[in-house]
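> Chain by chain, the residues:
There are 2 protein chains.
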Amino acid sequence: MAPTQLQENLVKANEKYASSFTEGHLALPPAKKYAIVTCMDARIDPAAAFGITLGDAHIIRNAGGVAKDALRSLVISEQLLGTQEILIIKHTGCGMLTFQNRDAVGVVQSNLGVAGVEAIRSGFGSDFLPFPDLEGAVKSDVEWLKANTAIPVKIEISGWIYEVETGKVRHVV
Amino acid sequence: MAPTQLQENLVKANEKYASSFTEGHLALPPAKKYAIVTCMDARIDPAAAFGITLGDAHIIRNAGGVAKDALRSLVISEQLLGTQEILIIKHTGCGMLTFQNRDAVGVVQSNLGVAGVEAIRSGFGSDFLPFPDLEGAVKSDVEWLKANTAIPVKIEISGWIYEVETGKVRHVV
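Chains as they are written, first to last, in full-length UniProt numbering: chain A, 1 to 173; chain B, 1 to 173.
Misleading hints may appear alongside valid ones.
Since copy identity is lost for identical chains, a pair holds within one copy or between any two.
What the hints assert, rightly or not - As a list, the in silico DSS-like pairs of lysine-lysine whose alpha-carbon atoms are at most 25 Å apart: (1) LYS154 - LYS139; (2) LYS33 - LYS146; (3) LYS12 - LYS33; (4) LYS16 - LYS33; (5) LYS146 - LYS16; (6) LYS33 - LYS139; (7) LYS16 - LYS32; (8) LYS16 - LYS68; (9) LYS32 - LYS146; (10) LYS168 - LYS139; (11) LYS12 - LYS68; (12) LYS154 - LYS168; (13) LYS154 - LYS32; (14) LYS12 - LYS168; (15) LYS139 - LYS68; (16) LYS12 - LYS32; (17) LYS154 - LYS16; (18) LYS12 - LYS139; (19) LYS16 - LYS168.
Please keep in mind that the hints were generated in silico from the structure rather than gathered at the bench. Keep in mind it's a predicted model, so treat the numbers as computed, not measured.
Isolated chain A (complex conformation) (with noise of 0.2 Å):
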């Protein structure tokens, strides 16, 4: 099959970025201990904006930087590969403060009929996790993730809002 102008544009842009790739040496753990659990959006450069040198942190991105949704990713990250803080960074404007499950699920239900909504449902229970304040999004995730037994109390949770109006970062909890 040809390749799709995304593809083509994939393959041509990563020859130009292996042709001076040097970090090939880097270890598998990240070498900073760290963790970002942030959101899908486009709009969000986490090496850029948040300063990650790459072979630092993992970076874990789903729809809203949704604690819940990285517990595996976390709890691998962790245990498995010595990361010891996590930093949760939702953001302004996001699109799950737009809708409710209700909706989305509508949605499904329009475009897909029964077949889409039992997909979701065997998939993640049908429940999209969307939010309805910003704020309060990151502290009760920061407050989730530190009441989870399976992150040790030692390890160090903080959370924050991105302004993808102005590229500023700033602390919530």
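Given the coordinates of chain A, work out where chain B should sit on it, guided by the hints.
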């Protein structure tokens, strides 16, 4: 509480980033309507390695770049935010190739006892989603997504492997 060294570094690096930030006008939906699923591994910088311009693509990252664990985010991306193409990019030297569930559960049990084991059971069914074969995992993730009725058949899905040793990406399926 005094900030940690990593938190101070984040604030300092972000001040510099924000001082020259000019992308505050970008819209919420990804401009190029695509989503990348890749690993949380510290050695991957998707924006640089895969040529992703700010605002263009959703970037979903979890331990292993596992499609199943990304389903909630992918459904939000394609049902609510217009994504029409998905690229799964796993990588050489992935930690997920190095252990099996019983190993990871054993580590949790040893470090965190019964409460830790219960937390991973209730959190994600104690399935860390490791895979023994890299290329096979790329193929099976792509097949899994293509067969998933929450992902419309019109969505283009491809699978790739990124080499952390060379910086090169190659098309698998």
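> Each hint: holds or not?
Going down the list of hints, with the structure as the test:
Proximity of LYS154 and LYS139 under a CA criterion of 25 Å is satisfied intra-copy only: 18 Å inside one chain copy versus 39 Å between copies. Taking the shortest Cα distances, LYS33 and LYS146 sit within 25 Å of each other inside one copy (18 Å), while across copies they are farther apart (36 Å). Taking CA atoms no more than 25 Å apart as the test, LYS12 paired with LYS33 passes between copies only; the shortest distance there is 19 Å, against 32 Å inside one copy. Taking the shortest alpha-carbon separations for LYS16 and LYS33, only the inter-copy value of 23 Å comes in at or below 25 Å, while the best intra-copy value is 29 Å.
For a Cα distance limit of 25 Å, the shortest separation of LYS146 from LYS16 qualifies neither inside one copy, at 42 Å, nor across copies, at 31 Å. Proximity of LYS33 to LYS139 under the C-alpha cut-off of 25 Å is restricted to the intra-copy arrangement: shortest distance 22 Å within a copy versus 31 Å between copies. In the homo-oligomer, the alpha carbons of LYS16 and LYS32 lie at most 25 Å apart only across protomers (20 Å), although the nearest pairing inside one protomer, at 27 Å, exceeds that limit. For the homomeric pair LYS16 and LYS68, neither the shortest alpha-carbon distance inside one copy (37 Å) nor that between copies (31 Å) is at most 25 Å.
In this assembly of identical chains, the alpha carbons of LYS32 and LYS146 lie at most 25 Å apart only when taken from the same copy (21 Å versus 37 Å across copies). Taking CA atoms no more than 25 Å apart as the test, LYS168 paired with LYS139 passes inside one copy only; the shortest distance there is 19 Å, against 39 Å between copies. Proximity of LYS12 and LYS68 under a CA criterion of 25 Å is satisfied in neither setting, with 36 Å inside one chain copy and 28 Å between copies. For the homomeric pair LYS154 and LYS168, neither the shortest alpha-carbon distance inside one copy (28 Å) nor that between copies (37 Å) is at most 25 Å.
Taking CA atoms no more than 25 Å apart as the test, LYS154 paired with LYS32 passes inside one copy only; the shortest distance there is 16 Å, against 41 Å between copies. For the homomeric pair LYS12 and LYS168, the shortest alpha-carbon distance between copies (11 Å) is at most 25 Å, but the shortest distance inside one copy (31 Å) is not. Taking identical chains as interchangeable, the C-alpha atoms of LYS139 and LYS68 lie at most 25 Å apart only when both belong to the same chain, with a minimum of 13 Å there against 27 Å between chains. Only between protomers do LYS12 and LYS32 lie at most 25 Å apart by alpha-carbon distance; the minimum there is 16 Å, versus 31 Å within a single protomer.
Taking identical chains as interchangeable, the C-alpha atoms of LYS154 and LYS16 are never at most 25 Å apart, the minima being 42 Å within one chain and 30 Å between chains. When the C-alpha separation of LYS12 and LYS139 is checked against a cutoff of 25 Å, the pair qualifies only between copies, where the shortest distance is 23 Å, while the shortest distance within a copy is 41 Å. Taking the shortest alpha-carbon separations for LYS16 and LYS168, only the inter-copy value of 9 Å comes in at or below 25 Å, while the best intra-copy value is 30 Å.
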